[in-house]
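The chain contents come next:
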Amino acid sequence: MTALPTRKTEAWRYADLRAVEALWPPPPARLISVREGGAHEEVVRVRDGGIHDFRVELAANSTLRLVILVQSAGYARVAVEAHLHEGAHLDLGGILLGDGDATQEIVTDVRHDKPGASSNQRVRLVLDERATGTYLGRIAVARDAQKSDAEQSARALVLKRTATANLKPELEIFADDVKCAHGCTVGELDKAARFYLQSRGLSRAEADALLTRAFVADALTGLEDSAAREALEAETVAWLEQRS
Amino acid sequence: MLVIENLHANVGDKPILKGLSLRVNAGEVHAIMGPNGAGKSTLAHVLAGREGYVVTQGTATFEGKDLLDLEPHERAAAGLFLGFQYPVEIPGVSNLLFLRTALNAQRRLRGEAEISGVDFMKKVRAESAVLALDMDMLKRGVNVGFSGGEKKRNEAFQLGILEPKLALLDETDSGLDIDALRIVSEGINRFRRPDRAVLLITHYQRLLDHVRPDYVHVLSGGRIVETGGADLALRLEAQGYEGIAA
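From first to last, the protein sequence lines stand for chains G and X.
Read in order, the letters of the first sequence correspond to residues 1 to 244 in our numbering.
Read in order, the letters of the second sequence correspond to residues 1 to 246 in our numbering.
Worth flagging that the hints you see were computed from the coordinates, not collected in a lab.
The structure displayed is predicted, hence computed values, not measured ones.
A few of these clues could be false.
As the list claims (entries may be wrong) - Just so you have them, the derived chain X footprint on chain G, three or more residues with Cβ under 8 Å: (1) 185-196; (2) 199-206; (3) 209-217.
The C-beta atom is built at its ideal place from N, Cα and C for all residues, glycine as well.
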């Protein structure tokens with residue numbers, strides 16, 4: 001795509017178009033490909049904003065575990081177009097941590113091109129102040145891609161009512177023997193849980209940090225590299241603590 | 001230890017406590033009984049500092065400190081423990097991480113050193129054995145997948161680990177079968193010491209067979225209407241609240 005997107009373009013509907021204009025044209029998509037039978041783990045951290053496009057090619061029976069952590073002040077967008085071949089597996093965890101006037105987006109287009117592939121996406125958004133967080137998750141199962149198994153879970157935690165969360169699952173299924181599960185929720189911190197923690201000695205800020213950390217934890221469960229997982233956890237905790 | 005004088009409190013706009021007075025000294029066990037809607041749970045939540053429970057009149061001091069002026073976590077660090085009637089499930093936070101975080105938060109607030117991992121696990125093993133909670137359960141999310149009885153045993157377990165001065169137990173006996181009631185009672189009895197006090201909020205006399213109270217109070221219409229010894233609970237059981245509180 002070379003033309004500047006507009007609001008009418010579905011995938012850019014919630015973007016900060018003024019910021020997009022300044023960033024246009026975006027750099028070419030980065031390719032992540034895993035060879036047949038291979039396994040790869042990749043962590044994408046976005047701290048400085050910008051548009052980050054990825055094209056993922058998963059050969060037959062390969063596995064990619066991808067974690068995306070976005071924590072930036074301005075406009076940040078991570079878009080992943082993934083092609084899954086026979087028996088391939090994509091595990092994608094996404095975390096958006098937004099405050100101030102940040103606009104952050106994760107846009108995924110997971111294509112089960114061949115039979116027997118599986119994908120599991122877990123995206124968690126934590127939004128404070130006037131931040132806007134968006135997750136657009138498209139899953140496309142091709143006509144002959146029988147026995148596809150796609151799971152998608154998107155949850156947003158709105159810490160202040162001035163923040164905005166947009167979650168949109170989109171399933172396009174052309175095969176008949178498939179499993180596709182998806183769920184979206186937007187909510188606030190559970191007051192009963194907060195009081196329970198406070199009554200045991202945690203300050204309100206400590207209680208909120210612990211609850212929020214538990215909220216995003218699901219997005220990191222796919223990582224096998226425990227050092228990488230701990231580093232991302234630490235980054236999340238640091239973000240939570242600097243705000244309280 | 002705990003002195004409550006003429007306490008009035010609202011939940012939302014609705015007055016629930018209407019002039020409640022109570023004095024609990026170190027070493028004592030008090031039971032507060034009363035019909036549904038008398039204000040028992042409201043009293044527990046007001047003392048622990050829950051949001052939405054507004055004190056409109058009266059005072060409550062804990063070891064001379066104005067309790068009502070403290071944040072909920074400061075009350076915990078001062079030595080107040082609330083055992084919940086409905087313990088909350090918190091997925092993603094393990095029981096052990098939660099308890100260690102809570103214990104160290106209290107210690108920091110009191111100006112004490114944090115507990116070492118070894119000492120913490122020593123306490124955990126001792127208390128969990130008494131309350132028949134196994135290590136796999138403690139590694140799971142807080143109360144996640146716990147039965148009603150297991151949740152109450154977990155409350156008693158936390159009481160044993162956190163070692164407060166005053167245990168305020170809100171219907172700790174509700175939903176327990178006979179064995180669980182005995183186990184939880186054992187936890188409470190282990191907690192009893194001359195420098196600690198217990199305030200039991202309960203509907204039934206049953207718990208008081210296991211944990212002998214020094215005083216029994218009847219709470220009705222937002223006030224204590226009758227105070228007696230352990231025998232008062234037996235009289236209530238025989239005559240009902242209507243006979244006593246009327």
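The hints, checked one at a time:
With 6 residues bearing a CB less than 8 Å from a CB of chain X, the region 185-196 of chain G meets the requirement of three and the coverage assertion stands. Counting residues of the region 199-206 of chain G whose CB falls under 8 Å from any CB of chain X gives 7; the rule of at least 3 is met. Given as covered by chain X, the region 209-217 of chain G passes the check, having 6 residues with a CB less than 8 Å from a CB of that chain where 3 are the minimum.
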